[in-house]
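K.L.:
Residue numbers (my numbering), protein chains in the order written: chain F, 1 to 534; chain D, 1 to 520; chain L, 1 to 404.
Rather than coming from a laboratory, the hints here were simulated on the basis of the structure. In this text the structure is predicted, and so the values were computed from the model without any measurement. Please note that a few of the clues may not be correct.
Sample of chain F residues at the chain D side, in silico, Cβ under 10 Å [to be verified]: (1) Asn-94; (2) Asp-96; (3) Gly-97; (4) Lys-499.
Calculated Cβ distances over 12 Å to all of chain L for the following chain D residues [claimed, not checked]: (5) Leu-152; (6) Ile-258; (7) Asp-272; (8) Phe-313; (9) Arg-315; (10) Ala-415.
Dumping the calculated BS3-like pairs for lysine-lysine here, alpha-carbon to alpha-carbon at most 27 Å [claimed, not checked]: (11) D:Lys-437 / D:Lys-3; (12) D:Lys-284 / L:Lys-285; (13) F:Lys-174 / L:Lys-170; (14) D:Lys-229 / D:Lys-273; (15) D:Lys-334 / D:Lys-87; (16) F:Lys-167 / L:Lys-300; (17) F:Lys-274 / F:Lys-345; (18) L:Lys-326 / L:Lys-296; (19) L:Lys-300 / L:Lys-326; (20) F:Lys-345 / F:Lys-283; (21) L:Lys-93 / D:Lys-517; (22) L:Lys-296 / D:Lys-265; (23) D:Lys-273 / L:Lys-93; (24) D:Lys-297 / F:Lys-174; (25) L:Lys-362 / F:Lys-120; (26) D:Lys-273 / L:Lys-285; (27) F:Lys-167 / L:Lys-215; (28) L:Lys-285 / D:Lys-302; (29) D:Lys-263 / D:Lys-87; (30) D:Lys-138 / F:Lys-174; (31) D:Lys-517 / L:Lys-300; (32) D:Lys-297 / D:Lys-263; (33) L:Lys-285 / L:Lys-300; (34) F:Lys-93 / F:Lys-384; (35) F:Lys-174 / L:Lys-215; (36) D:Lys-273 / L:Lys-330; (37) F:Lys-174 / D:Lys-334; (38) L:Lys-215 / D:Lys-273; (39) F:Lys-167 / L:Lys-93; (40) F:Lys-174 / D:Lys-422.
Virtual Cβ for every residue (Gly too), placed ideally from N, Cα, C.
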Amino acid sequence: MKHDHYDAVVIGAGHNGLVTACYLQRAGLKVLVLERNSYIGGATTSISKYEDFTYSNCSYVCSLFRQEIARDLELYKFGMQVIPYNGGAQIIKNEDGSHDMLGAYWHADANRRDLERLSKRDANAYDRLNRDIMRQCEFIKPLLMRTPPDPTSFKPRDLMELLYLGKRFYGLGKERMLETIRFYTMSAADYLNEYLENDALKSYVAGGATVGTALGVYSPGTAYVLLHHAMGDIDGTVGAWGFARGGMGAISKALNDSFIASGGEVRVNAGVSKFIVERGKVKGMQLEDGEVIDADLVVSGMDVRRTFNAVDPNELPAWVVERVKNFRFRGSSAKINIALDGVPKFHGVPDGSPCLTGDIHISQSMEELETAYDDWKAGRWSDKPYLDMLIPSLIDPTMTPEGKHWMSIFIQYCPYEPAEGGWTEARRQAFGQHIVNRIAEFSPDFTEKMLHMELRTPKDIETEVGLTEGNIFQGELTMDQLIFNRPIPGYAQYRSPIKGLYMCGSSTHPGGGVMGAPGANAAREVLLDLGRRN
Amino acid sequence: MAKHYQNIVIGGGHNGLVCAAYLARAGQSVLVVEAANEIGGAACTRELVPGAKVSSGAHLLHAMPADLISDLGLANHGLSFSAQSIKTVSLNADGPAIVFDGDTVKGEDVSAEDEAAYQRFNADMQRMAKALRPVFDKLAPEPSIETWAERLTLLGLGLRIRSLGRFHMRELLRIIGMNFYDLLDEYFENRQLKAAIAMDALLGAEWGARSMGSVLTYLYRLAGYQRSKGLGLALPAGGMGAVSQSIAAAAKAAGAEIRTSAKVKSILIENDKASGVELDDGEKIQAGRVISNADPKQTFLKLVNVDHLDTGFIRQIRNLRSRGRAAKLHLVLKAAPQFKGLQEADLGARMLIAPNMDDIELAFNPCKYGRYPEEPVFEITVPSASDGSLAANGQHVLSAIVQYVPYDDSAELDANRAAFLKTILQQLERYAPGIGKQISHAELLLPRDLENEFGITGGHWHHVELVFEAFLFNRPVPALARHSSPIEGLYMCGAGCHPGGNVMGIAGRNAANQVLKGGQ
Amino acid sequence: MKTNTNNNQRPLIERPIQETAFYPSYKHLIQNDNYEEWSGYTALASFACEGQEYFAVRNTCGVYDICPMIKYDISGPDAERFMNRLVTRDVSKMLPERVVYAVWCNDNGHVIEDGTVFRYSATDFRLCCAERQLEWLEDSSIGYDVSIADVTEEIAGLAVQGPVSCRILKKMGFTGVENLKPFQLATFPLHGYDVVISRTGFTGDLGYELWIDVKNASDLWESLFSAGKPHGILMMGSEALEMLRIEAGLMLVNAEFMSCFQTVRLNRDRTPFELGLDWLVDFNKGHFIGRRALLKVSMKGLSRKLVGIDIDWNKQADGALIYDSKDASKQIGEVTSALWSPILKQNIALAYLDAPYFDGGKEMWAEVYLHRECMWERKMYKCRVAQRPFYSPDRRRLTPPNDM
């Protein structure tokens, strides 16, 4: 038995775990980070799978990462650089079989003029839509870096926080209160129908409302996911998305280096098999290889189910075990990374169009997006899935050999367990082929330019990254799993029923995305309990 | 000289009649104008063929407050019940049925764990529904904390929810925004059992069980059972029309006047104030106040001249969700139908056809795209089993709600209706073999038909979908919450108002109170 | 569901900036490359010297390209009813061939925009404004027999402003143009096409606006400039216009107020009363959009209002905050647009002031920051409420106008 002493042990070197570790270390604690894999980053990684190509093989774009964290932890010093991309292309297949592109441009008037070709009214309404989403951002943003109150508690802190929320909400006035309620409860389809008429534009906007959640664009509660596209910012440009130079792994590497520089220690290949709990208090953990590490303070970056699965259920109240069991993951997204021998052509997109440096979409209508969800409900991968395609190497020269490119393809929906049976290798390949064929419908030279493909079904994401059921947000972002309900009511303040055991992963408020907010919030709560303020 | 009324109520549906009755009892002069030649709206009894009658809109009473029934003395005005607290039986084409009776559930395939879970589930849900009762029963609170009265209302609600206890309060805050599919998965194993319970949340709704808000609609339904104080699922003697007739009788007894076959063409507005109505035949009737029981879209997109309205308001009204998904099937049967697994004595029960929640979802999928489902889900009653007055000579009438059906106003409506009726009857045959041969008359009312018959936009029985964005002070839109409208003297009293639809009369009663208070 | 029927021929990059119809004609006069974007069009901040361009309008004739103005044609049997519900003033009183300045609001009585309403006939109107709002107009037309067309790209406009503008137009052959009263319009023939001339403008001076089909743009421009050359006609940019409109006391969207369609933050919306546009709100004409909300507002006192102010000394008070005392203890207002007026020799500004300061008579101080040789200096200057328009020569109102 080793008797190294650490003030705190953080489980998982994903971005949130590292953020927590950095804050704790900088507050003067001696912190150890344990990572199950041989590499750090969790789902925020840059990995080479083929020759000199580097893929951001899980998360692939960045916008939500909180700037206050980057600043606190001096991440620029450690190489973090997020370069905003602009542009975007919605490829439209016309009834006569020809193709067209609806381009997204940085310049509002360029956007408008392209939209006006489809609908003058929509070009006008699109501004109102964006304005209304921006209003919701204004409302929600300050809440991201705050600990949710426990509405059942009479503690002054909870009451104050509830009062703050209540005041904020009532302060909106009748009209904006309604706007807010509508935004958080309506379906993306109904919401967008109130603004837009063109189906291609609607599906371009709505696709993002399905990301990572097993709901369709017609499902109530999906409109607010549109925030996901608008809530982030890069250097004050609200709604901008960017690529981390060197891939998403550059972010976790910067966090890691910042952590090491402040005196922290990271151990890889050190998976935790269980937490040691005595009389309701955490005492340490046992690693997969049997090694035991003592600690009075443990912060788990694992999702809520993995965290509590590593605790003897007898140490937990029965209702907590029940809630954890019922916490919904249901991975519904897959990822494919492809090495390309050059930039593929796309029907309807002029060669060299700057729109290709942004997200490329081929969903044609809201109905198509919804039927993609129907497929998932039946336990199949979508026949016509929502694909979010990006070619980061058009902007980032560090990821591929000269003249070559890589493409990140995010796929919604793909079941965690296909209804017809589990994920066999043959089925995985069939799925990959299906996606490639689908893209090839819009890109004549796509297959011939393909050099290598990395396939990641929800099952793969679970196995490799450790995200339960492959849910990219460590649990669905639905109303019943948000704010004071995340991850479970009563333990939404980063604490757990076990004294000294905290949570800092995306299972906690405000949820998933490479945002770092759960990590920072968790660190704040830990330090609060220690009587220190960071 | 035409008579000048203090109040005109547009629409003799049950809410309009309730509103009129309360106003008349308060000494107000009231005229109810009803477009159809009979009052009742969607709570009515209609003769299908000589000797066979059916509740052609709603077919069960399960949400009317007991105090409303006693207030208006409906029993003295002819309301009686042929059956109360009837059982619910979930049918199975290939196996045993599941029977819900009070807070117990029984079925050959239902495990002891599920039976126990049902007790627990029922207790949990009843408890939460009870906490929300003031929300469902009372006038919507003001969305404001400016005055002490408003703060107290909010605080009262908060305390009531807190009084649930910590565990249940947390649970309520968790599940209220959840979907029923997932919630039932947390409690039960048996798929048919889950589907049967889910139907209570989904009947009349636009969405399937996987949709957020279905827990809310379930609690809404439970609150209805609670306020009816033991009536449970009840069959009024003589059909649902008897409910409307008794309210109308109560209203008349209190001095209200009712005119049928009087279709309103427009609401008259003078100096930005409602001053009466103009009928289709050009007759103008003056009144101090106009109270519309019509749905908000009818009222503001058809009856009020747009000159008097603001564009943002029009947008809101047009955006209201009123996509009816429920069709109504009426069959006249030559003899009592034989349902598989159903005890003969239970023919008077409420029967469900919904094999499991995924099948409900499959029934729901096509209507999202405007298509008809291949295997819809049903709520079936055979009211003649307990009420002989509905069908003579050993005949029976069957009344069923069929979901999910798209709103179809295409040119092919007649062909689609015929084809869909065939689909339904084939499906029914699997549950009640031989029923096809017993049918002497069949009628299928699609949402479009219901719209025509009852004048409800989209044929939606809640007028406006019961969803978070159209709930409480936002129902149907903020300017119409609390029964007033942007136009002085124009009030709303229908199901489009908080708390919503079903034959319960709360909106009508709350509207009358607001009118009497001169409320805004 | 609308189908997508577009041809596949498209440029590599959708150029955001369009050139106006007159741009090729006056391109050769641009000395500065001092461009700015206006509603998706190339516009000039100045051609050479904004001071000279400004004085052209006060002295001879300045010409401003107003093609980027957003123009909606509204016609149909219900056009008058539609317009009357849309804007807050009574349009039914308008005679054909008249123009009025108007403001329109949303349901809450918050200002969408101000602009001009042209009435061509009993059933034909044009709404001329700065922001696109097709969606609102279309939704407002539900229930009316009207058609609404965005004619921004089809109609070209030139503002011809200044004391000799009338003389130049007469010389071009627009006989009778001198009889146009302020806010009157008429159609004149020129070289086989129609020119609609309205006696309107944004400069507070004598001036006209010429409206034509875009295809006749170069002919009109050439004719105007050849006639105007001996009279000192000059193209001008937006910087000069900004000076002129402040002197005229005219407000500008996105400077004095945001359209309620664009506000994100709370409390950024404005009512016509706050903008000092009470005179445009006619509660007696029947219902109009926002009337009920405005009636409620009108019963309460105003908490802030846009007024003109006059500030001591000569340093332009851009963005200045206004305080109740020299030691800046309480902020009571803020400047939205400011100008050292070359003609008035006065330091003027448009500013929001809190109640009761907007009624005048109270001590007020403007906090002005001066950037002098790379150092900032903070100055407190006394200021006072001043009458708007700050500048309004007689020739602006006289018909026929004189050149003085």
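K.L.:
Take the hints in turn and mark each one as holding or not.
P.N.:
We went through each hint and held it up to the structure:
1. Asn-94: 21 Å, violated
2. Asp-96: 23 Å, violated
3. Gly-97: 23 Å, violated
4. Lys-499: Violated - the Cβ of Lys-499 (chain F) stays beyond 10 Å from chain D, reaching only about 19 Å at its closest.
5. Leu-152: Fine: 25 Å to the nearest Cβ keeps Leu-152 (chain D) off the interface.
6. Ile-258: Ile-258 (chain D) is indeed farther than 12 Å from all Cβ atoms of chain L, at 31 Å.
7. Asp-272: At about 6 Å from chain L, Asp-272 (chain D) fails to clear the 12 Å cut-off, so the statement is violated.
8. Phe-313: Phe-313 (chain D) is in fact no farther than 12 Å from some Cβ atom of chain L, at 6 Å.
9. Arg-315: 6 Å, violated
10. Ala-415: 22 Å, holds
11. D:Lys-437 / D:Lys-3: 55 Å, violated
12. D:Lys-284 / L:Lys-285: 24 Å, holds
13. F:Lys-174 / L:Lys-170: 56 Å, violated
14. D:Lys-229 / D:Lys-273: Between Lys-229 (chain D) and Lys-273 (chain D) the Cα gap is close to 40 Å, so the pair fails against 27 Å, i.e. violated.
15. D:Lys-334 / D:Lys-87: Holds, at roughly 24 Å.
16. F:Lys-167 / L:Lys-300: 24 Å, holds
17. F:Lys-274 / F:Lys-345: Judged against 27 Å, a Cα distance of about 51 Å means the pair is violated.
18. L:Lys-326 / L:Lys-296: 36 Å, violated
19. L:Lys-300 / L:Lys-326: 31 Å, violated
20. F:Lys-345 / F:Lys-283: Between Lys-345 (chain F) and Lys-283 (chain F) the Cα gap is close to 58 Å, so the pair fails against 27 Å, i.e. violated.
21. L:Lys-93 / D:Lys-517: 40 Å, violated
22. L:Lys-296 / D:Lys-265: Given pair Lys-296 (chain L), Lys-265 (chain D) is violated - Cα atoms ~31 Å apart, limit 27 Å.
23. D:Lys-273 / L:Lys-93: 24 Å, holds
24. D:Lys-297 / F:Lys-174: 21 Å, holds
25. L:Lys-362 / F:Lys-120: Violated, at roughly 50 Å.
26. D:Lys-273 / L:Lys-285: Judged against 27 Å, a Cα distance of about 15 Å means the pair holds.
27. F:Lys-167 / L:Lys-215: Outside the cut-off at roughly 57 Å; violated.
28. L:Lys-285 / D:Lys-302: At roughly 23 Å apart (the allowed maximum being 27 Å), Lys-302 (chain D) and Lys-285 (chain L) satisfy the hint.
29. D:Lys-263 / D:Lys-87: 39 Å, violated
30. D:Lys-138 / F:Lys-174: It holds: about 20 Å lies between the C-alpha atoms, which stays within 27 Å.
31. D:Lys-517 / L:Lys-300: Holds: Lys-517 (chain D) and Lys-300 (chain L) sit about 24 Å apart, inside 27 Å.
32. D:Lys-297 / D:Lys-263: 16 Å, holds
33. L:Lys-285 / L:Lys-300: 21 Å, holds
34. F:Lys-93 / F:Lys-384: 14 Å, holds
35. F:Lys-174 / L:Lys-215: Violated, at about 49 Å.
36. D:Lys-273 / L:Lys-330: Roughly 44 Å separates the two Cα atoms, so the pair is violated.
37. F:Lys-174 / D:Lys-334: 57 Å, violated
38. L:Lys-215 / D:Lys-273: Answer violated: Lys-215 (chain L) to Lys-273 (chain D) is near 51 Å, above 27 Å.
39. F:Lys-167 / L:Lys-93: With Cα atoms ~47 Å apart, Lys-167 (chain F) and Lys-93 (chain L) exceed 27 Å; violated.
40. F:Lys-174 / D:Lys-422: 49 Å, violated
Violated hints, in rising order: 1, 2, 3, 4, 7, 8, 9, 11, 13, 14, 17, 18, 19, 20, 21, 22, 25, 27, 29, 35, 36, 37, 38, 39 and 40; the structure is consistent with all others.
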